[in-house]
Amino acid sequence: MLTIFRDLSFIMLLAFALLCGGCDSQGEQLALTKAPVFISASSPAEVRNQIAKLPLDDVWWNVYGKDQAWNFKNLHRFMPTVNIYRDGQVRMLTQRPMSAIPNQMVDTPIGIIDFKDFLDSEVSTTMSIVILHKGEVVFEYYPNQEPYEKPIYWSATKALVAALVGILADRGQVDITLPISYYLPRLKDSDYADITVRNLLDMSTGVNCPEEYFDQSSCYYQYSVTIGDGYWTENSPESPYDMLATLKPGIEAPQGTQYQYSGVNAFILSWLVEDIMNMPFQDAVSKEIWGKMGAESDASILAPRYGVPIAHGGLLARSRDVARFGLLYTPSYTKISDKQIISDRTIDLILNDKNVNLTIGTNKAGQLPSDFSHSGYLWDAVYTNDDFYRGGWAGQGLLINPTKDIVAVYTGYAIDAQESQPDLLPILRQVLNTVFPSQ
Numbered sequence: 004m005l006t007i008f009r010d011l012s013f014i015m016l017l018a019f020a021l022l023c024g025g026c027d028s029q030g031e032q033l034a035l036t037k038a039p040v041f042i043s044a045s046s047p048a049e050v051r052n053q054i055a056k057l058p059l060d061d062v063w064w065n066v067y068g069k070d071q072a073w074n075f076k077n078l079h080r081f082m083p084t085v086n087i088y089r090d091g092q093v094r095m096l097t098q099r100p101m102s103a104i105p106n107q108m109v110d111t112p113i114g115i116i117d118f119k120d121f122l123d124s125e126v127s128t129t130m131s132i133v134i135l136h137k138g139e140v141v142f143e144y145y146p147n148q149e150p151y152e153k154p155i156y157w158s159a160t161k162a163l164v165a166a167l168v169g170i171l172a173d174r175g176q177v178d179i180t181l182p183i184s185y186y187l188p189r190l191k192d193s194d195y196a197d198i199t200v201r202n203l204l205d206m207s208t209g210v211n212c213p214e215e216y217f218d219q220s221s222c223y224y225q226y227s228v229t230i231g232d233g234y235w236t237e238n239s240p241e242s243p244y245d246m247l248a249t250l251k252p253g254i255e256a257p258q259g260t261q262y263q264y265s266g267v268n269a270f271i272l273s274w275l276v277e278d279i280m281n282m283p284f285q286d287a288v289s290k291e292i293w294g295k296m297g298a299e300s301d302a303s304i305l306a307p308r309y310g311v312p313i314a315h316g317g318l319l320a321r322s323r324d325v326a327r328f329g330l331l332y333t334p335s336y337t338k339i340s341d342k343q344i345i346s347d348r349t350i351d352l353i354l355n356d357k358n359v360n361l362t363i364g365t366n367k368a369g370q371l372p373s374d375f376s377h378s379g380y381l382w383d384a385v386y387t388n389d390d391f392y393r394g395g396w397a398g399q400g401l402l403i404n405p406t407k408d409i410v411a412v413y414t415g416y417a418i419d420a421q422e423s424q425p426d427l428l429p430i431l432r433q434v435l436n437t438v439f440p441s442q
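The opening position of the sequence shown corresponds to residue 4 in the working numbering, with each subsequent residue numbered one higher.
These are calculated hints, taken from the structure and not from any lab test.
Predicted, not measured: the structure shown is a model, and the values here were computed from it.
Do not take every clue at face value.
Cross-link-like lysine-lysine pairs, in silico, DSS-like; alpha carbons within 25 Å at most [to be verified]:
1) K295 x K407
2) K69 x K119
3) K119 x K357
4) K338 x K137
5) K338 x K295
6) K407 x K342
7) K342 x K290
8) K137 x K342
9) K119 x K137
10) K251 x K191
11) K342 x K295
12) K357 x K338
13) K338 x K407
14) K290 x K338
15) K357 x K407
16) K137 x K407
17) K137 x K251
Sequences are here, hints too, so could you generate the full structure?
What follows is the structure, encoded as structure tokens:
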């Protein structure tokens, strides 16, 4: 009898909602929504099959296509990680879809098509994209991953390093004009001893240790092996701290004059954060950022050897949470935090503190965009319309414009070693610059 009463009660409530047009006592629309359905991203058989495919004589990431995409989304299944913790109430992001974004026509390598069709095309390797305007989700799409998955962001991780250095500088705990050995005396016998914190931030150390992913004898590859980001052998160095403390690959240019990209710079700056805060890098991120921004979920950082986090490129996180991090650089930080975490001073330095003596090379296409302004503070590119961008090796990115109050986050994978898939960034910027033109 009780069951019948409950069923009748539900039917009456539903009928009432339909008859009144879905209105509450105030005449506002009621949201009759279904609970989200959980979709498992991998079957048990697929997990076993994919892990069996991992190379035994090379580093795990040196595979491409759909296998790489699976690895990027499932690192926690086969590689050690360290946790970044959330705390407090989840700050939910309001949904305000803008049809102008997916429908925007864009010029792509396969012709002029609308943005959504490009993301769905065979040439696109985008796994997720989230765009916020004024702190609200205006476009969110997951063509090759589930919303709850936490793929790797590769070098977009460096934005966390930059943020923490900025926070410490705001507190007077770091003076970026001083040499790094002032804060890390262990580096006094390395070629990094006299390099300033600023020139580490600007990728302008002049030290001959450029990014090299494949030459296993190179300075950079040997560093990457020490933290588990390269193929380790019994002859490989054990500790990145010990290796860098005595590293002398030579100086190829005066510091502050030549842009040379290297994850070593970001790792040294994460070491600076660890030393000043007296805690592992991932705990510093938890304490100062992730635990204060209303994140939906914990994140993690890849840490294959001895628990040392790959601070130059190992972040694993939900796309919406990386978007929340981006919001900290916009006026809409108030949507997720009661206090300003990234200062106006830090944002102004990113946008306007350009090293005029720094020579920047071309991008992989052979030239820089006409509206490119500079690189600095670990951000790859700052543009004249106040966009600034931090990218990842195989199709990841974080784009922020504090003036327009925009954040865009995306993840992806590489088709092959030549990264022959179209670069999403210029296509995305076409969309954003058209839908949200500069005033």
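How the hints compare with the structure:
no.: 1; hint: K295 x K407; verdict: holds, 23 Å
no.: 2; hint: K69 x K119; verdict: holds, 20 Å
no.: 3; hint: K119 x K357; verdict: violated, 35 Å
no.: 4; hint: K338 x K137; verdict: holds, 9 Å
no.: 5; hint: K338 x K295; verdict: holds, 12 Å
no.: 6; hint: K407 x K342; verdict: holds, 21 Å
no.: 7; hint: K342 x K290; verdict: holds, 14 Å
no.: 8; hint: K137 x K342; verdict: holds, 17 Å
no.: 9; hint: K119 x K137; verdict: holds, 22 Å
no.: 10; hint: K251 x K191; verdict: holds, 11 Å
no.: 11; hint: K342 x K295; verdict: holds, 9 Å
no.: 12; hint: K357 x K338; verdict: violated, 30 Å
no.: 13; hint: K338 x K407; verdict: holds, 16 Å
no.: 14; hint: K290 x K338; verdict: holds, 19 Å
no.: 15; hint: K357 x K407; verdict: holds, 21 Å
no.: 16; hint: K137 x K407; verdict: holds, 8 Å
no.: 17; hint: K137 x K251; verdict: violated, 47 Å
Checked against the numbered hints given earlier, the structure breaks hints 3, 12 and 17 and satisfies all the rest.
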